[in-house]
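Protein chains: 2
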Amino acid sequence: MARKIRLGAFLPGGGQHIASWRHPDQPVDGAVSFEFHKHLAQTAERGLFDAYFLADNLAVGFGGAREGGNDRVAGFEPTTLFSALAPFTTNLGFIATSSTTYEEPYLTARKFASLDLISGGRAGWNVVTTTGDSAAQNFNLDTQLPHASRYKRAAEHVDVVKALWDSFEDDAFVRDVQSGVFYDKAKLHETNHRGEHFQVRGPLNVPRSPQGHPVIVQAGQSEDGRDLAAATAEVIFTAHQHIETAQEFYRDIKTRARRLGRDPNHILVMPGVSPFVGRTLAEAQEKYERLTSLILEEDGVGLLNGLTGGTLDLKGYDLDGPLPVAPPTEGMKSRQALLRQIADENNFTIRQLYQWVASARGHYTIVGTPETIVDTLQEWFENEAADGFNILPPWLPTALDDFVDLVIPELQRRGLFRTEYEGTTLRENLGLPYPVNRWSVEQPVAQAAE
Amino acid sequence: MARKIRLGAFLPGGGQHIASWRHPDQPVDGAVSFEFHKHLAQTAERGLFDAYFLADNLAVGFGGAREGGNDRVAGFEPTTLFSALAPFTTNLGFIATSSTTYEEPYLTARKFASLDLISGGRAGWNVVTTTGDSAAQNFNLDTQLPHASRYKRAAEHVDVVKALWDSFEDDAFVRDVQSGVFYDKAKLHETNHRGEHFQVRGPLNVPRSPQGHPVIVQAGQSEDGRDLAAATAEVIFTAHQHIETAQEFYRDIKTRARRLGRDPNHILVMPGVSPFVGRTLAEAQEKYERLTSLILEEDGVGLLNGLTGGTLDLKGYDLDGPLPVAPPTEGMKSRQALLRQIADENNFTIRQLYQWVASARGHYTIVGTPETIVDTLQEWFENEAADGFNILPPWLPTALDDFVDLVIPELQRRGLFRTEYEGTTLRENLGLPYPVNRWSVEQPVAQAAE
Chain D
1 MARKIRLGAF LPGGGQHIAS WRHPDQPVDG AVSFEFHKHL AQTAERGLFD
51 AYFLADNLAV GFGGAREGGN DRVAGFEPTT LFSALAPFTT NLGFIATSST
101 TYEEPYLTAR KFASLDLISG GRAGWNVVTT TGDSAAQNFN LDTQLPHASR
151 YKRAAEHVDV VKALWDSFED DAFVRDVQSG VFYDKAKLHE TNHRGEHFQV
201 RGPLNVPRSP QGHPVIVQAG QSEDGRDLAA ATAEVIFTAH QHIETAQEFY
251 RDIKTRARRL GRDPNHILVM PGVSPFVGRT LAEAQEKYER LTSLILEEDG
301 VGLLNGLTGG TLDLKGYDLD GPLPVAPPTE GMKSRQALLR QIADENNFTI
351 RQLYQWVASA RGHYTIVGTP ETIVDTLQEW FENEAADGFN ILPPWLPTAL
401 DDFVDLVIPE LQRRGLFRTE YEGTTLRENL GLPYPVNRWS VEQPVAQAAE
Chain W
1 MARKIRLGAF LPGGGQHIAS WRHPDQPVDG AVSFEFHKHL AQTAERGLFD
51 AYFLADNLAV GFGGAREGGN DRVAGFEPTT LFSALAPFTT NLGFIATSST
101 TYEEPYLTAR KFASLDLISG GRAGWNVVTT TGDSAAQNFN LDTQLPHASR
151 YKRAAEHVDV VKALWDSFED DAFVRDVQSG VFYDKAKLHE TNHRGEHFQV
201 RGPLNVPRSP QGHPVIVQAG QSEDGRDLAA ATAEVIFTAH QHIETAQEFY
251 RDIKTRARRL GRDPNHILVM PGVSPFVGRT LAEAQEKYER LTSLILEEDG
301 VGLLNGLTGG TLDLKGYDLD GPLPVAPPTE GMKSRQALLR QIADENNFTI
351 RQLYQWVASA RGHYTIVGTP ETIVDTLQEW FENEAADGFN ILPPWLPTAL
401 DDFVDLVIPE LQRRGLFRTE YEGTTLRENL GLPYPVNRWS VEQPVAQAAE
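Residue numbers (the UniProt record's numbering), protein chains in the order written: chain D, 1 to 450; chain W, 1 to 450.
Worth double-checking, as some hints may not be accurate.
[Claimed, not checked] Stretches of chain D that chain W covers, calculated by requiring three or more beta carbons in the stretch to come under 8 Å of a beta carbon on chain W:
#1 245–258
#2 401–410
#3 419–432
[Unchecked claim] Some chain W residues judged to face chain D by a derived CB distance under 10 Å, without partners named:
#4 ALA19
#5 VAL32
#6 ASN57
#7 GLY61
#8 GLY69
#9 PHE76
#10 LEU85
#11 GLN137
#12 VAL200
#13 ASN205
#14 ASN383
Treat the hints as calculated values from the structure; they're not laboratory data.
Since the model is a prediction, treat every value here as computed from it, not as a measurement.
A virtual CB, placed ideally from N, CA and C, is assigned to each residue, including glycine.
So here's chain D without its partners, still in its complex pose:
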């Protein structure tokens, strides 16, 4: 079977784009509307997406936006939301974010196992260490732990969770009414983990998952992040503006995985893409301008300043003029350099720069027709830059509908994307192997499955 593009959908209800809540298509209370999230999930499933993905934060986050201007300041907790959405879909996966720094492995293992049980094997765990002091301050700390400490803790946390997910062997539950044997006690195992950060006896009080265990997802870009991802991740979300850097990242991850003895095909690299789709290029461009025109000047300027850690104060400058050559301060040079590079490459004014940056927040923005967009996706997919993409519709629901109604058919026409789901679990649809339970490795997988 030919290799197919995998697709995730990043659908936060509140907007991905800084001004999306001001777009007339988007319900102004989308971030807190269960019905709206249900509609998004069902649209993603109509488009045969692999998974619905939600990022998360353990604090009120302003995301560089003006206080009072951010519609993502409050919303649902991801695993409760996804549990509620799962019964309204049948094949779509649900990848929720959960923190290895501020949550306990027993609770992490349990909530994802429960989501997996509710959804019939469609759960994924996006493993994050959670950056920022504002989250730390909600969990008994004054400042966050150092980067390296967070990643050491993360590696151990993931190990414990995976061990807990193996507590019951696949065929542990006999449920024999006559004999009164509900489960085979020889097939229930304690974890007995005693590590540097955690001490967990187990077993977990949830059965083995319908897909073995939930799919492990990560998005770390640092050295520590890449090491953790290569060792444990099955899907990696990443952000690149150019095919060259995407290729560098893709090859690096696959190489690291191979070195650790893993099959590089079992670790899927999925860059983020923010698409503005039109039947013509002019229509696509119109949609881009429609949305970006909704950015208040104060928010746009504030965003550039926020992205550079408060070192790019552009107040008083003509927004329709060029980005000033000499940066006003000396801090955060790399972020300033990135903005300078984008401005120079595109010959952007200050306004055009913040419009571009606000749109994808670091991900790759494509403005085009189904054909030109699929040309790009195909190029990345066929040249070791991507195994699939995480689609970030810049406003909702219509930018998602545009992708489903216009881009998906073009992908299918070229044989790059499924025309029906391959299976009912997330793992089956992603083409990832069923992880054999550590306690039943002697048995063939087929027999081990219930």
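Model the placement of chain W on the given structure of chain D, informed by the hints.
Structure of chain W alone, referenced to chain D:
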């Protein structure tokens, strides 16, 4: 309006009764079946119950049962399950258990606020401190904390959660597309808690709940438990075998609440009742015998031994003879005395004793017709023993159906129970007041509500 009986339903999917999974009516995989839980929720709503209640444990619990013989060894995590059930119901409340000892207040506040948002204001939090070393060993400890420490931590945990639930004032969200003001930043508040056990800055990243905040539920019976309940609980679950002890507890709780300046009508006492309902007394008795006959002798004897901490070894005794007079050991005297009292009062053989105990596990078992059962409920309700009851159907789903189809109509006939839901939130149906946000106390409630 006349005072009405409040009803909770304890519906664990797996059986309340030790042998219920062997009953032919009950699906053998009920504990892990989402469809079965959905059916139970919809049946409870058909019966106009106030709430669906789930107990919980943070370890594999054998509940005194034979290893391998317990169908509640594995199941769903309660808040994910209830989130998934909520959209399939419209008025039923969902009271989930969560631990103040092993969970963090920010996460507790968030998951219940999210369940409340998903359900439109139907969430309740059953506050537990979680007993037992087996749970402690899943959370970096060798043994559990002392009782008093757990309760001190619980009181602080509840305080922090309630403060976090007030982060956004009721009318904080303006969502004005023209001006770009999504929320009024003056109506978002940090918690800034620094206590003995927790340090939490806030604010919570979930809006204020549709019912102000989720209903606070407790079940503590000890001195510490009663103090905590009197101070913070709005609903109390309790277990009594006789109206006299239920009255003592009821009056004690109401007195403690009054002393703390609370309105005693705003703290509802709900004893557990396990009903076997028949159209005739003979039919009810038959149902009792049908279920209890399914208890394996090994499990019955093991249960009595387990309940007394392993001090009542009855192996070798005639199960159809009397409970031996001299207890084989001297430990756990109070539990042994309780079993002795039940055996003597009812003139029970060993078999009859374990059958009785297995049925309700400390709650009040009633075997009767709708009329005799309602006679008892009415007596308790009208004589300061109960504001309502937590119904524990001994097997599922038919014992729940019996209650809904036979007992509810008799309660309604006597004007003791609602004929339709009073409101859409759990709080409205329980007749509990809307808690005014601490930051907007100057404003009248009517204006503060969105």
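Do the hints match the structure? See the list:
1. Given a C-beta distance limit of less than 8 Å, the hint that chain W covers the region 245–258 of chain D is violated, as 0 residues qualify and 3 are needed.
2. Counting residues of the region 401–410 of chain D whose beta carbon lies closer than 8 Å to any beta carbon of chain W gives 0, which falls short of the minimum of three for the stated coverage.
3. With 0 residues bearing a CB less than 8 Å from a CB of chain W, the region 419–432 of chain D misses the requirement of three and the coverage assertion fails.
4. For ALA19/W, the interface hint holds, the least distance from its beta-carbon to any beta-carbon of chain D being 8 Å, beneath 10 Å.
5. For VAL32/W, the interface hint holds, the least distance from its beta-carbon to any beta-carbon of chain D being 6 Å, beneath 10 Å.
6. At its closest, the beta carbon of ASN57/W sits 7 Å from a beta carbon of chain D; the interface hint therefore holds under the 10 Å criterion.
7. The interface hint given for GLY61/W holds, since its Cβ lies 7 Å from the closest Cβ of chain D, which is under the 10 Å cut-off.
8. At about 6 Å, the closest approach between the beta carbon of GLY69/W and any beta carbon in chain D falls short of 10 Å, and the interface hint on this residue holds.
9. Among the interface hints, the one on PHE76/W holds; its C-beta lies about 5 Å from the nearest C-beta in chain D, closer than the 10 Å criterion.
10. For LEU85/W, the suggested interface contact is upheld, since its CB lies about 9 Å from the closest CB of chain D, less than 10 Å.
11. Here the hint on GLN137/W is kept, as its CB sits about 4 Å from the closest CB of chain D, short of 10 Å.
12. Contact between VAL200/W and chain D, as hinted, is supported at the beta carbon level, the nearest pair being about 5 Å apart and thus within 10 Å.
13. Restraint check, ASN205/W versus chain D: the minimum CB separation of about 5 Å is within 10 Å; hint holds.
14. Evaluation of the ASN383/W hint against chain D yields a violated restraint, the C-beta minimum of about 40 Å exceeding 10 Å.
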